[in-house]
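As they're listed, the protein sequences go chains W and H.
Just so you know, we're using the numbering used here here: the first sequence kicks off at 1 and counts up by one.
Just so you know, we're using the numbering used here here: the second sequence kicks off at 291 and counts up by one.
Since the hints were made in silico from the structure, they are not lab data.
Do not rely on the hints blindly, as some may be mistaken.
Once the Cα atoms are required to be at most 27 Å apart in a straight line, the calculated DSS-like pairs of lysine-lysine come out as [unchecked claim]:
#  : chain 1 : residue 1 : chain 2 : residue 2
1  : H       : Lys466    : W       : Lys88
2  : W       : Lys74     : H       : Lys382
3  : H       : Lys300    : W       : Lys287
4  : W       : Lys77     : W       : Lys232
5  : H       : Lys364    : W       : Lys2
6  : W       : Lys2      : H       : Lys300
7  : W       : Lys287    : H       : Lys364
8  : H       : Lys413    : W       : Lys88
9  : W       : Lys90     : H       : Lys395
10 : H       : Lys498    : H       : Lys593
Covered stretches of chain W, going by a simulated chain H footprint (3 or more residues, C-beta under 8 Å) [said to hold, decoys possible]:
#  : segment
11 : 6 to 12
12 : 98 to 111
Where chain W lies over chain H, by a calculated footprint (3+ residues, C-beta under 8 Å) [unchecked claim]:
#  : segment
13 : 352 to 365
14 : 388 to 396
Beta carbons: idealized from backbone N, C-alpha and C, even for Gly.
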Amino acid sequence: MKAIYKRELKSYFGSVIAYIVIALILAFVGFVASYINLFAGYPNFEYALCEPYAVFALVIALSLLTMRCFADEKREKTDQLLYSLPIKMKDIVMGKYLAMLTVYLIPVAVMCAWPLILSFFGKVNMLQSYSTILAQLLLGACIIAAGMFLSSLTESQVIAAVMTIGLFLAVYFMPTIVDTFLPDSSMASFICFILMIGVVAIIVYALTGNIFAALGVGFVLEAVNLVLYLFKTSIFESAFPDMLNNLSIFNRLTPFANGTFDLTGVVYYLSITGVFVFLTVQSLEKKRYS
Amino acid sequence: MIKVSNLTKKYGSNLAVDNISFEIEKGRIYGFLGPNGAGKSTTMNIITGCLSQTSGNVTVGGFDVFDQPVKAKKLIGYLPELPPLYGDMTPKEYLRFVAEAKGIKSSAIGPEVERVMFRTSIKQVSGRLIRNLSKGYRQRVGIAMALLGDPEIIILDEPTVGLDPRQIIEIRELIKSLGEDHTVILSSHILSEIQEVCEHVIIISRGKVVADDTIENICNMNKEHPVLNIVASCTPDAAVAIVDEYEEVTHYAITECDKGTSLELTLMPGTNITEKLYFAFAAAGIPLSYFSDRVSIEEIYLKLTESVYDEEEETASVTEEAASDANEEEYKPMFTEEDNSDEGDL
Chain W
1 MKAIYKRELK SYFGSVIAYI VIALILAFVG FVASYINLFA GYPNFEYALC
51 EPYAVFALVI ALSLLTMRCF ADEKREKTDQ LLYSLPIKMK DIVMGKYLAM
101 LTVYLIPVAV MCAWPLILSF FGKVNMLQSY STILAQLLLG ACIIAAGMFL
151 SSLTESQVIA AVMTIGLFLA VYFMPTIVDT FLPDSSMASF ICFILMIGVV
201 AIIVYALTGN IFAALGVGFV LEAVNLVLYL FKTSIFESAF PDMLNNLSIF
251 NRLTPFANGT FDLTGVVYYL SITGVFVFLT VQSLEKKRYS
Chain H
291 MIKVSNLTKK YGSNLAVDNI SFEIEKGRIY GFLGPNGAGK STTMNIITGC
341 LSQTSGNVTV GGFDVFDQPV KAKKLIGYLP ELPPLYGDMT PKEYLRFVAE
391 AKGIKSSAIG PEVERVMFRT SIKQVSGRLI RNLSKGYRQR VGIAMALLGD
441 PEIIILDEPT VGLDPRQIIE IRELIKSLGE DHTVILSSHI LSEIQEVCEH
491 VIIISRGKVV ADDTIENICN MNKEHPVLNI VASCTPDAAV AIVDEYEEVT
541 HYAITECDKG TSLELTLMPG TNITEKLYFA FAAAGIPLSY FSDRVSIEEI
591 YLKLTESVYD EEEETASVTE EAASDANEEE YKPMFTEEDN SDEGDL
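This is chain W alone, in the form it adopts within the complex (with noise of 0.2 Å):
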């Protein structure tokens, strides 16, 4: 782990990519973060993370981050010497995985430092600042390892970046998307939850290539999902609704800067983060059986 964690650190650093990815992080986040507490005068460095432009720039920064870990490994058949490689997937996905994670670590050190200037000329909330940090952390950690994870389905690094913007992007919109669009109703969520059940039955279908798994699956949800709803209407009440928007992680940010130390947040971006680097290991292995 520590070899292929060595060589990664390397190989970003030295190319253009690692001081990129810093620098936009950076300079998007030190503008916000001036026009908030500069120039408005408050003294909350966190506001400036939660701000769209923010997020938007962490979210494209760590896509050219993640992009290339697996899909070039793939494209130059590079691949088969970690394959072949005395260690376990799991060390080499986790080795990679905390070399990205290093490169992020720069843009939040440097981000740290703003709550400590502020407070020269001022009273800050240093703990309600740093939590948010930390969240921030947190946060780019979730979305290094779906990028990772996406990085690992395709050969092509456009690919794999296009695909991390536009889920996040997509996570980012869905709170909207989902006040305006799904009513709140118990039936619109069983037909829902009915319609999410066959999108994971195609996904199951995809990924292992057998029908009768896929099938399988498929019904035995339905059969859940209709046993539910005839027996227990109203968990359905805005329960389609609420579960997506429990999924955008970008809302978590939200408690933090507003001073309250969410701990399920933090559980909630560490088991995002742990299924997407679990995912990244079964992509790799399932390779090898194609």
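With chain W's structure known, arrange chain H on it following the hints.
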């Protein structure tokens, strides 16, 4: 050292490796032969743990490649068909990285990297970026990578492809010297290379092992029907007159060539008239420019893989007919769909 038993690999419905079994013994050089798409690389990829099998199993040094991959992989140095090199590193950095990843102690990495660079003579390019190296040097960096950590088994998939003749000879010498204290498996299309370097040959055709023996034995394979090839500087009639005196000759084919007459004699099983015939020609005052009772590995190879090609041609002509029957407009989209199938998997 390596034991492959009942190995099968399917890609979708395409059977790449069909229930093959063989054993690799310690300390010998094995040649892996076969036409394109016969399943050579697939088999090598499974042995090295890069690919998983559909059924059957492979053990390396007693460790199952599937159940104990890390232990099995430690025994193997593998150079895939395309050397997996990082263009943004220098050979030295690259070899240091692989050495560390292979779990070599940090104090031993420096001398080990020096050793493999010396052995593959890449020291003079060790500071240049791999992406700027010529194909021959890249290939050597790949071989150096396989040698790192001095693994007991070295597997090289077509190591001399793209090298110039001098480099090919150098690499062959290197492989021979490796064979002295390692088990080497080498795949190649170049039959003379296999004949020169390897002691044992495994020929694969259409996913099946069609021959698994020493070069010596394979070349003597048709002892049941011994063959003599002769080129004599005389007229066909004179040659026939001599050959006709021996009743051991069951069948002969005669062609005139620019050196005189070329004869291919088929003898009765278990007979040997090599010397008698040689002296008979000498007594008649006819010089022989070629005289051989051995079959070259080329001929054996062609013979063993021949039936496969015949079948392939048949199926090819059938599909061609089917294709010409089909409407062209219908046929084309099918083709592009297949072409894009790789991207579709994404």
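Are H/Lys466 and W/Lys88 close enough, with their CA atoms no more than 27 Å apart?
32 Å, violated
Is W/Lys2 close enough to H/Lys300, meaning Cα to Cα at most 27 Å?
35 Å, violated
Please count how many residues of the segment 98 to 111 of chain W have a CB within 8 Å of a CB from chain H and say whether that reaches 3.
As far as the segment 98 to 111 of chain W goes, the hint is violated, because 0 residues have Cβ atoms under 8 Å from chain H.
Sort out whether H/Lys593 lies within 27 Å of H/Lys498, counting only the CA atoms.
15 Å, holds
Hey, W/Lys74 versus H/Lys382, does the alpha-carbon distance stay inside 27 Å?
Holds, at about 23 Å.
Starting from H/Lys364, check that the Cα of W/Lys2 is at most 27 Å away, please.
Given pair H/Lys364, W/Lys2 holds - Cα atoms ~17 Å apart, limit 27 Å.
So if I understand the rule, the pair passes when the alpha-carbon distance is 27 Å or less; does H/Lys300 with W/Lys287 pass?
Given that 27 Å is the threshold and the Cα spacing comes to 14 Å, the pair holds.
Pairwise hint evaluation, H/Lys395 against W/Lys90, where the allowed Cα distance is 27 Å at most
Status holds; Cα separation ~21 Å.
Given that the segment 388 to 396 of chain H was listed as covered by chain W, double-check it with a C-beta distance under 8 Å for 3 or more residues.
holds (count 5)
Restraint status (C-alpha distance of W/Lys77 to W/Lys232 at most 27 Å):
53 Å, violated
Please verify the coverage claim for the segment 6 to 12 of chain W: does it have three or more residues whose C-beta sits within 8 Å of some C-beta in chain H?
holds (count 4)
Given hint H/Lys364 paired with W/Lys287 - CA-CA distance at most 27 Å
21 Å, holds
Violation of the numbered hints given earlier is confined to hints 1, 4, 6, 8, 12; the remaining hints are satisfied by the structure.
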